[in-house]
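Spelled out from the first residue to the last, the chains are:
Number of protein chains: 2
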Amino acid sequence: MKRWPKISFTEEGMREGMQIEDANIPIDEKARLLDALSETGLQRIVVGSFVSPKWTPQMERIDELIQKFTPKEGVTYTALALNQRGVERAKEYSPPLTIERDRWPRLNCHMCDVFVRRNNNRSQMQEMERWPKIVAQAQENGAAEAGIGTNASWGSNFLGDFSVDILMAMLERQHTMWDDANIKVTSCSLGDPMSWCMPHKVEDTLIRIKERWPEINHFRLHFHNGRNMAIASGYAAIRTLGTDDTIELDGSIGGIGGCPYCGNGRATGQAPSEDLLHMLEDMGVETGVNLDKLIDCVWMCEEILGRTLYGHVSKAGPRPNSTSQLYDMNAPFVETMEQAKHFKKGPKAYEGGIYPYKEPITSPYRERVDQGLPAYESKESNWPWNQDWLPE
Amino acid sequence: MKRWPKISFTEEGMREGMQIEDANIPIDEKARLLDALSETGLQRIVVGSFVSPKWTPQMERIDELIQKFTPKEGVTYTALALNQRGVERAKEYSPPLTIERDRWPRLNCHMCDVFVRRNNNRSQMQEMERWPKIVAQAQENGAAEAGIGTNASWGSNFLGDFSVDILMAMLERQHTMWDDANIKVTSCSLGDPMSWCMPHKVEDTLIRIKERWPEINHFRLHFHNGRNMAIASGYAAIRTLGTDDTIELDGSIGGIGGCPYCGNGRATGQAPSEDLLHMLEDMGVETGVNLDKLIDCVWMCEEILGRTLYGHVSKAGPRPNSTSQLYDMNAPFVETMEQAKHFKKGPKAYEGGIYPYKEPITSPYRERVDQGLPAYESKESNWPWNQDWLPE
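Each protein sequence line maps, in turn, to chains A and B.
Take 4 as the starting number for the first sequence in the working numbering and just add one per residue.
Take 4 as the starting number for the second sequence in the working numbering and just add one per residue.
Just so you know, these hints were derived from the structure itself, not from any lab.
Don't take each hint at face value.
The list treats identical chains as one, so a pair stands whether inside a single copy or across any two.
[As the list claims (entries may be wrong)] Only pairs whose alpha carbons sit at most 25 angstroms apart, straight line, appear in this in silico DSS-like list of lysine-lysine:
hint, residue 1, residue 2
1, LYS361, LYS57
2, LYS75, LYS213
3, LYS57, LYS348
4, LYS382, LYS213
5, LYS187, LYS351
6, LYS9, LYS94
7, LYS382, LYS187
From just these sequences and the hints, can you work out the full model?
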């Protein structure tokens, strides 16, 4: 079996999600949701952001939220802060918050000069102006490792597509500055606020980064999902990188998320956490997350927001992976979304549905499974391979 | 640039989609939608199925639909028929329908004996009983090529997971029968009615098939999306197969689809066609489909069904790929789903939104783009690489 990179997942629903939802959602509801998320086994949860309430009223009462919620031991809670004022505000709540600074001194910029002006109130040139100071500071601190990175890496709603060649040229420029300072680059951050990620481009980008700079072994990937490419892009990253690499990935329950500056608002979204984690589990990545509890959170979030969200595993249920979760062979028709919820609500969800069979369904395979045997034995074995009815 | 396999796409919304929706949708509405789909550039459209109206009342009036819609020259219209009676009914409407039989005599079975009993009213054993006759008939007809295939290939809601080893063992058994008959196997069909596809398993399966039988160069892949893996699985297939291979893929507008037998009903879904085709276009695959018109169809379908569907590109819009489609740098906040529709409805969609900037946003990059120049020149060129403000 192929082994995968180490994957660290961060839940962004309370931050990326709530920042684009109704500003009037009661804090009690948010605290209830955050507490439920804390019980799922998620290891990293962003609780919100310390930003100007003038432009992000959704985060105005973050202080209250932090005072109200019940931190769970072992969970790392963080908050986004975009400037020194935000960091100071966050520090008042540490603990429970962990104040995380980038582990690497990093040269970073937006590939899209328009988006950074709209979202961060500065230009790409102003981002770059800080690079020499960042390098000088890293040298002064005796930093052994450094990072590079871009945001809006693959394209922009305001400027169009950026080729991987151009992206590599920008990373090269950053890397050269660290080379000149004799500091080894081991981390690369690639953001995608406007949903321009595409799996083949992500794959191409990561292959080229690893070929050019094999010593980069830490990747922070932040994909948005406005064009439904976040999960495929995440898969592309995982399949491309090696077992010595680490990927930081994020998602949000129900796939909520977005910002008012990118031009897509709530349609931006992120990878639905429940769908991404369900995939990771099947790939053999131990996430530590109880999917059943996570789906409870999605349903709670749908109730709070008053609408159906974008994920799928919360609607069809995870693939049943134990005998007790397997569906009843003699379940009636399951047609509606409400009936489909039987995976959590039990048979009463489809009670009264059409039952089209004259005789109850039976199957020798299911009999085996119900007895704790595998549906199929290995091909050297007896069942079903040596049965009379299986043509030679 | 990496080249991809040849891809043939089939639109399944009128069949896979409508079969799990309200049986009372007026035929005029269905004809209107089918006519709109015909104008998008889609090359293959399944219009519905000839099945028993007792269990699939959604298809009871398919005759009327076929009489009402306006066939477009160059589009291949097909219908599903599960038995001889269905084929006879379909033949009455050819043209406009193309009556397609599998191009290959094929040995096929469901990996899940329970699902085939629920859905097709026969057992896996009964499917296999026909294999010797199929081979004999192919020999009699002098067939030069043959196919193999499975349905419920990667797992079942009623039996659990099927490993790729087990899947390969089943395909091997089929292949051996063709080998014994001296008929070359060139096609493989892999279905997934219960949404158990996973990109890493699809990749593993296809790699192993190509290693074992390099002469198989035609793949029919039918993925369902109940766990949000259909697009990632499609990508995995495309990246894995070679330029000499052909993949038949399908999807449905808005991602609608499912059957009452699988246990997930409407939550089953398929890859939303608009999202899949948008990805293919960016990969350089010429689909011939006008995405703008396809999104009109999704919106029409949402209006007919009375709810928001599952795709994303219909909500955030395609990635703008021409100067005229780029978003206004000075657009106000875009927050709601209605505001996000500006990509089709124009600026009036976000009229009155918050405008947070003291000075209008300007950018030298956008000036270039508005003049028809690329945002970035190649890295050997002047812009922006040799500008004073770009650190060396």
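Among the hints numbered above, which are violated by the structure, and what are their numbers in rising order? 2, 3, 5, 6
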